[in-house]
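Given the coordinates of chain S, assemble chain R onto it according to the supplied hints.
2 protein chains.
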Amino acid sequence: MNILITSGGTSEKIDRVRSITNHSTGQLGKVIAETFLNKGDQVTLVTTSKAVRPLLHPNLTTVEIENVSELHEKLEPLVHSHDVLIHTMAVSDYTPIYMTGFDEVSASSDLTEFLNKSNSESKISSQDDVQVLFLKKTPKIISLVKKWNPKIRLIGFKLLVDVSKEKLLETARASLKKNQADIIVANDLSEITEQGHEAYLVGNDKVTQAHSKLEIAQLLYQHIHREEKT
Amino acid sequence: MNILITSGGTSEKIDRVRSITNHSTGQLGKVIAETFLNKGDQVTLVTTSKAVRPLLHPNLTTVEIENVSELHEKLEPLVHSHDVLIHTMAVSDYTPIYMTGFDEVSASSDLTEFLNKSNSESKISSQDDVQVLFLKKTPKIISLVKKWNPKIRLIGFKLLVDVSKEKLLETARASLKKNQADIIVANDLSEITEQGHEAYLVGNDKVTQAHSKLEIAQLLYQHIHREEKT
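In order, the protein sequences belong to chains S and R.
In terms of UniProt numbering, the first sequence has 86 at position 86, counting the first letter as 1, and numbering is strictly consecutive.
In terms of UniProt numbering, the second sequence has 93 at position 93, counting the first letter as 1, and numbering is strictly consecutive.
Next comes chain S alone, as it looks inside the complex (with noise of 0.2 Å):
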């Protein structure tokens, strides 16, 4: 099967300088592209340059963006092309329009003329004691996934901290339907540490259990190897 993965976090640029981050080490998309390489299928891992890699192998493809509008463009037409989508990358919800000084922000009548400013500079100034910094929205990646290719099979991801295992399965679910995933592997940050990755695998009918990145990745293989044998 092709398996389409993606790992590690976005960054958006503030300036040439100063980028806001999503913390992910690409270490589960590692465990899971190493996971249906060995097992004989064909990965395409699309991933950031700050992000752990899988060990080299003959049937694995890497490709690499940094921010939002990179993943859309590369990862589009890789939606058509494989079977499977595991979406483990932790993609920034928002990107900046414009920063500048609270004094301007402060003396305008109408916000709203900020959302159509942008930085020209290439570093920006650092004069004012206090920045403000607009942000807008990224488009939702995974909710494209199943209009680019009905046919594909998406495992999509949330990771919430610090929240109830209700919670935690209640947003599973609701990503779960209005995506049109096969599973959301839910997770919360507080119980991901160098020896544990607790994470409810929730799919429409049942809602599994690991423990670890490898077991997420064993898991996920069966899920879909077995429901390809049916």
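It is possible that some hints are incorrect.
Because identical chains cannot be distinguished in the list, a pair is counted as satisfied if it fits within a single copy or across any two copies.
Stated by the list, open to error - For lysine to any residue, the following SDA-like pairs were computed, each having C-alpha atoms within a straight-line distance of at most 25 Å:
(1) Lys13 <-> Thr138
(2) Lys136 <-> Ser106
(3) Lys123 <-> Glu166
(4) Lys39 <-> Leu55
(5) Lys13 <-> Asp128
(6) Lys177 <-> Val161
(7) Lys136 <-> Asp103
(8) Lys123 <-> Lys167
(9) Lys137 <-> Ser175
(10) Lys136 <-> His197
(11) Lys74 <-> Gln180
(12) Lys165 <-> Ser122
(13) Lys140 <-> Arg173
(14) Lys50 <-> Thr62
(15) Lys178 <-> Val163
(16) Lys13 <-> Glu73
The set of hints was computed from the structure by calculation and includes no laboratory data.
What follows is chain R alone, placed relative to chain S:
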């Protein structure tokens, strides 16, 4: 001699999943550290998790920090116990105070109210189409160095983007004076490539040009050890 070197770029957290990061590979600090180590000096390197590291060496001690606050705390005692500080680290100018939806900010009659708020959420919600992030200036670490230890010799760095040589030298001279540095190494991001690294070593009475990271390191080594002999 005891040489203190900083490298990499600091990251300031917005919440537990997002940060604002200053880009810096750590490559220049690595080359400088290796140059001093190979000639017999003791080196303490203060760096970040993402920065590239020098080759292991018995005279190398490494200290890891993430943000400006940690840098401040860890650097002060080290400045007291070293002869020279070579401060290549890209230090964040601003750190997040509070992030909220555009509508809340737009409806406020006094924006200063947001400067005393802080986000209680571990992961800030992403419902609004536009969000507004308030940031405050961080302490200028380089300006504290000579206050901490008037005897330390300070080498600073100034990175600008797409400016004239005149502007670059003028900015470096202002920093040299303000921070009582021996040398400010002035460089322009647009003149740093995989092949070369153009830089001006701006001292009180002369300017020396370098064309690579190794040349910057060697010139700094000569400067530090020549002055020692006289």
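Hints, verified against the model:
1. Lys13 <-> Thr138: both (13 Å within a copy, 20 Å between copies)
2. Lys136 <-> Ser106: Both ways: lysine 136 and serine 106 sit 20 Å apart in one copy and 15 Å across, limit 25 Å.
3. Lys123 <-> Glu166: between (44 Å within a copy, 17 Å between copies)
4. Lys39 <-> Leu55: Answer is within: at 14 Å inside a copy they meet the 25 Å cutoff, but 36 Å across does not.
5. Lys13 <-> Asp128: Both, since 20 Å and 20 Å are each at most 25 Å.
6. Lys177 <-> Val161: within (21 Å within a copy, 46 Å between copies)
7. Lys136 <-> Asp103: both (21 Å within a copy, 13 Å between copies)
8. Lys123 <-> Lys167: between (41 Å within a copy, 14 Å between copies)
9. Lys137 <-> Ser175: This pair counts as within: shortest intra-copy Cα distance 17 Å, inter-copy 38 Å.
10. Lys136 <-> His197: neither (32 Å within a copy, 35 Å between copies)
11. Lys74 <-> Gln180: within (21 Å within a copy, 49 Å between copies)
12. Lys165 <-> Ser122: between (44 Å within a copy, 16 Å between copies)
13. Lys140 <-> Arg173: Result: close within a single copy only, 17 Å intra versus 47 Å inter.
14. Lys50 <-> Thr62: Both: 13 Å inside a copy, 21 Å across copies.
15. Lys178 <-> Val163: within (21 Å within a copy, 48 Å between copies)
16. Lys13 <-> Glu73: Within one copy only: 17 Å inside, 28 Å across.
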